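J.: Listed below are the residues making up each chain.
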Amino acid sequence: DVKVTQSSRYLVKRTGEKVFLECVQDMDHENMFWYRQDPGLGLRLIYFSYDVKMKEKGDIPEGYSVSREKKERFSLILESASTNQTSMYLCASVSGLQETQYFGPGTRLLVL
Amino acid sequence: SQKIEQNSEALNIQEGKTATLTCNYTNYSPAYLQWYRQDPGRGPVFLLLIRENEKEKRKERLKVTFDTTLKQSLFHITASQPADSATYLCALAGWGYSTLTFGKGTMLLVSP
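Going down the list, the protein sequences come from chains H and Z. Under my numbering, the first residue of the first sequence is numbered 1, with each subsequent residue one higher. Under my numbering, the first residue of the second sequence is numbered 1, with each subsequent residue one higher.
Chain H with its partners taken away, still in its complex shape (with noise of 0.2 angstroms):
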């Protein structure tokens, strides 16, 4: 079965804190996605990564940033934290050769 884990399941952190959410699967799959789930808004594509050190934004980058540096490891990064990042924070991963996207159980995240 893939397992994609997440490093924290809740995270409370400050106003203009630097912030590290972590993505570890372990199927050896080439594409990875950070989304944020929000109530009404539903979910919504941050950032996605093609393979090591390749990223590219999605819908709604602005105040993202991310790292793929092995294969298995993504990081969403914010770099200061603010209110409205407030969330709830999956990560996926998919087979380049498949079209199943496998989530993690997701971090939600509280900015103060």
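Only true hints are included.
Cut-off 30 angstroms, straight-line C-alpha distance, at most; resulting in silico cross-link-like pairs (DSBU-like, lysine-lysine): (1) H:Lys55 x Z:Lys104; (2) Z:Lys104 x H:Lys57; (3) Z:Lys71 x H:Lys57.
Everything labelled a hint here was simulated from the structure, so no lab data went into it. Everything numeric in this text was worked out from a predicted model, so none of it was measured.
Chain H is fixed; fit chain Z onto it per the hints.
T.: Chain Z in isolation, oriented as in the chain H frame:
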């Protein structure tokens, strides 16, 4: 702009009945459409994929239809059970490798 619409109101049905959820889209020519299930506080889980040249797909108690003329997919759960209560998301993918665009989801509540 591309738009995916799912009924924002929760669907309440009695155990044993068939639940039917709708996904409509505009300004989109998807290569395929997927349905995911999401439980509260968890990441989405893949259920079914249907391609643009397929009319219907089944998996156990689940059935998906795809009408590219109407730009609509219907998702059916037959003999519904309280354990089917969750939010169901539809997601569309364009041609070539592309990201998924998700609808906002419809909550299904199955009463005993």
